[in-house]
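Could you put together the complete structure from these sequences and hints?
One letter stands for each residue in the lines below.
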Amino acid sequence: RKEVEQDPGPFNVPEGATVAFNCTYSNSASQSFFWYRQDCRKEPKLLMSVYSSGNEDGRFTAQLNRASQYISLLIRDSKLSDSATYLCVVKADDKIIFGKGTRLHILP
Amino acid sequence: DAMVIQNPRYQVTQFGKPVTLSCSQTLNHNVMYWYQQKSSQAPKLLFHYYDKDFNNEADTPDNFQSRRPNTSFCFLDIRSPGLGDAAMYLCATSRDGGPNEKLFFGSGTQLSVL
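Protein chains in written order, with this note's numbering: chain A, 20 to 127; chain B, 86 to 199.
A hint or two may mislead.
Stated by the list, open to error - Computed footprint of chain A on chain B; a stretch qualifies when at least three of its residues, placed anywhere within it, have a C-beta under 8 Å from a C-beta of chain A:
1. 121-127
2. 163-171
Claimed, not checked - Result set (DMTMM-like, lysine to aspartate or glutamate): computed pairs, CA atoms no more than 25 Å apart in a straight line:
3. A:61 - B:162
4. B:187 - A:26
5. B:187 - B:147
6. B:129 - A:58
7. A:64 - A:26
8. A:119 - B:170
9. B:137 - A:112
10. A:21 - B:144
11. B:129 - B:186
12. A:114 - B:138
13. B:123 - A:76
14. B:129 - B:162
15. A:114 - B:186
16. A:64 - A:34
17. A:98 - A:76
18. A:119 - A:76
Said to hold, decoys possible - With the C-beta cut set under 8 Å, the calculated list includes, among others, these residues of chain B facing chain A:
19. 130
20. 193
21. 195
It should be emphasised that the hints constitute simulated quantities derived from the structure, not laboratory data.
Here a beta-carbon is modelled for each residue, glycine too, at the ideal position from N, C-alpha and C.
Written as structure tokens, this is what we have:
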């Protein structure tokens, strides 16, 4: 099993719709979790950290399920500007593992 | 204001010709990382510095070297670039590498090898 796995997509979603994707991780000792957003040929940028109790930032909601070892990202009322690749990042001790990312296309 | 700065944004080199990529930071962070990212792949950690302590990933080829002359600067040297080394190279920093700390990325250097 890969350390961090994501559905590569692409997810093609109409503007205004809600979209969700998951990321699974293999190391049960993983300590912290993040979602990064990466635009084409640009650097990853932190979207949000993922807390045990779940957290929300505007239209974005992140959840952590330690029992099943996955994190999720929900985007409500999607905008054209949400089109990007979303990278899941998992930290365990001093090791940082990136997923390959999920590509999201918001369609007008 | 850019906090992690990478130069150049695009770099073209010839097969086998040494190339150096640079990264500087204004955050005074202790940890600096170099990642390699190929198209549709996850960023792959090459090495990182905790202050002056160099930490090489086990699968990083010997062809890749790094220098950190001071807190602000870090360099990636590719001694003999091959076609397979064409990629985006990302520099990142974090304050102390703690579990809840986020990474601050530079804008990357896109390396082409002819």
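Evaluation of the provided hints:
1. 121-127: As far as the stretch 121-127 of chain B goes, the hint holds, because 3 residues have Cβ atoms under 8 Å from chain A.
2. 163-171: violated (count 0)
3. A:61 - B:162: holds (21 Å)
4. B:187 - A:26: Holds, at roughly 23 Å.
5. B:187 - B:147: With a Cα-Cα distance of about 28 Å, the restraint between residue 187 of chain B and residue 147 of chain B is violated, given a limit of 25 Å.
6. B:129 - A:58: holds (17 Å)
7. A:64 - A:26: Cα-Cα ~19 Å, so holds.
8. A:119 - B:170: holds (18 Å)
9. B:137 - A:112: Given pair residue 137 of chain B, residue 112 of chain A holds - Cα atoms ~20 Å apart, limit 25 Å.
10. A:21 - B:144: Status holds; Cα separation ~16 Å.
11. B:129 - B:186: Since the Cα atoms of residue 129 of chain B and residue 186 of chain B sit roughly 18 Å apart, the hinted pair holds (cutoff 25 Å).
12. A:114 - B:138: The hint holds at about 16 Å.
13. B:123 - A:76: violated (30 Å)
14. B:129 - B:162: holds (16 Å)
15. A:114 - B:186: At roughly 12 Å apart (the allowed maximum being 25 Å), residue 186 of chain B and residue 114 of chain A satisfy the hint.
16. A:64 - A:34: OK: residue 64 of chain A and residue 34 of chain A at ~22 Å, within 25 Å.
17. A:98 - A:76: Answer holds: residue 98 of chain A to residue 76 of chain A is near 15 Å, not above 25 Å.
18. A:119 - A:76: holds (23 Å)
19. 130: holds (7 Å)
20. 193: holds (5 Å)
21. 195: Check passed: Cβ of residue 195 of chain B comes within 7 Å of chain A, closer than 8 Å.
Of the numbered hints stated above, those contradicted by the structure are hints 2, 5, 13, listed in ascending order.
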